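Full structure from sequences and hints, please.
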Amino acid sequence: MDDMIHTLQDFMLHTESNTYILMAVYLVCVVGFWMFLTHKDEEQD
Amino acid sequence: MSEQKNSPAQGMAGVASRFMKDDNDKFSPLATLTVIILVVGTILTILRFTQGLGAVTNLSDTHPWGMWIGFDLMCGVALAAGGYTTSAACYLFGMKKYHSAVRPAILTAFLGYAVVVVSLLYDVGRPDRLILAYPFIVQQGTTSLLFEVGLCVLLYLTVLFLEFTPIPLEWLGLRKARNIAVKLTLVLTIFGVVLSTLHQSSLGALFLIAPSKLHPLWYSPYLAVFFFVSSIAAGLSMVIFEGTLSHKALHHRMGKEYLEEHPPLVLGYAKAAALVLFGYFMVKVVGITADNNWHLLPTPYGIWFLVELLGFVALPCLLFAVGSRNNDVGLIKFSAVWTIIGIVLNRLNISMIAFNYHLPLEERYVPSWMEIALSIFMVTCLILVFRFIVTRMPVFDEHPDFRETHE
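Protein sequence lines correspond, in order, to chains A and B. Residue numbering for the first sequence follows numbering that gives the first Met the number 0, beginning at 0 and increasing consecutively. Residue numbering for the second sequence follows numbering that gives the first Met the number 0, beginning at 0 and increasing consecutively.
Incorrect hints may have been included.
[Unchecked claim] According to the in silico footprint, chain A covers these stretches of chain B (three or more CB under 8 Å from chain A):
#1 266–274
#2 285–294
#3 314–325
Calculated directly from the structure, the hints in this document are not laboratory data. Source: prediction; values computed, not measured. Cβ coordinates follow ideal geometry from the N, Cα and C atoms, glycine included.
As structure tokens, then:
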């Protein structure tokens with residue numbers, strides 16, 4: 000993929016695309032992490 | 000009085016011993032060590048201010064910021080973040096169950112920032128100019144982030160002092176003055192949070208000026224965000240750690256409210272720290288992605304970066320989460336210490352280890368023993384003053400005359 004980066008446009012497209020994918024993964028993960036963290040609290044309630 | 004007690008060293012040890020332990024004049028090894036640190040520190044202080052930086056430090060034109068900036072200032076500011084996180088949790092977010100932790104956190108933050116200012120005095124020199132507020136009145140460097148950091152630290156130290164004043168005022172029995180100081184709490188908390196947000200992030204932003212000197216894995220346009228987010232985790236961990244240490248040494252000084260509120264506080268802070276570290280881990284990964292630095296990971300610096308990221312961010316995040324979920328206070332306390340080590344490592348990486356990374360090893364900066372000794376001297380002074388205050392003033396317990404008036 001790095002071989003295809005020739006211009007700033009290429010670089011930005013590449014890094015921004017990866018960042019957007021990462022943020023989507025993060026949003027899913029944070030929900031899972033929150034559920035893991037508060038699972039016992041909900042059981043007690 | 001015996002001959003031994005008449006010697007100056009024994010006399011000083013007796014004074015130190017009184018500072019270190021209540022009503023105990025015994026010549027303990029800890030007191031002896033304290034005296035040695037204080038004597039060596041005083042000699043080195045005289046040497047620094049009479050002979051200049053070159054006499055005590057290994058600083059150079061290629062590495063003008065050393066141990067006092069990397070450790071005393073950057074770690075000190077991050078670890079003193081417990082003050083604004085705890086007071087914000089209690090007074091801004093309404094978590095009154097953490098009320099008893101506010102005073103120890105404010106005191107730690109106040110003393111931490113005082114050490115930061117003193118370490119800056121050692122580094123910058125010319126204390127006469129600082130006393131006259133020379134950089135703020137005569138020669139403002141308004142285009143410098145360091146000016147913004149300096150101004151914020153000046154204002155925040157004042158805020159912390161005002162937040163701290165109800166403690167000595169209660170101790171002195173000055174009810175009217177104490178009541179005025181307490182009424183300022185909310186305003187001071189808001190002011191403190193604003194100032195902390197500004198200078199915690201600006202400390203990271205300082206390094207934006209050196210993209211060619213700082214290794215690309217640590218350099219990022221998001222440095223300001225990294226520093227601010229990690230300071231919250233550092234502050235939460237520091238409150239847990241400081242509470243644990245105080246419990247061991249000062250249990251008899253702690254009031255009923257503090258002792259009852261401490262275990263839920265540890266669990267609550269662990270949950271918050273886990274969430275903050277989770278967010279910090281993700282923004283660090285975004286930092287690598289945004290700069291497309293993945294190819295640098297399988298290098299020696301890359302492996303060191305992964306040790307920091309996985310070992311000192313992801314691991315304590317997981318440990319805090321497991322500890323909080325299982326009500327495992329021991330695991331949480333271990334995670335707090337691990338996080339503190341991680342934050343110190345991060346700050347040292349940025350200011351020293353990954354800084355000037357392209358220079359050959361013999362030209363790299365390594366702090367002299369005198370710089371390290373002076374850092375230990377400053378931390379020792381902080382511990383002594385902390386000890387002096389908490390054994391005399393109502394920090395961990397409520398003053399009986401003001402029990403009903405606490406907010």
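For each hint, the structure was consulted:
| no. | hint | result |
| --- | --- | --- |
| 1 | 266–274 | holds (count 3) |
| 2 | 285–294 | holds (count 6) |
| 3 | 314–325 | holds (count 4) |
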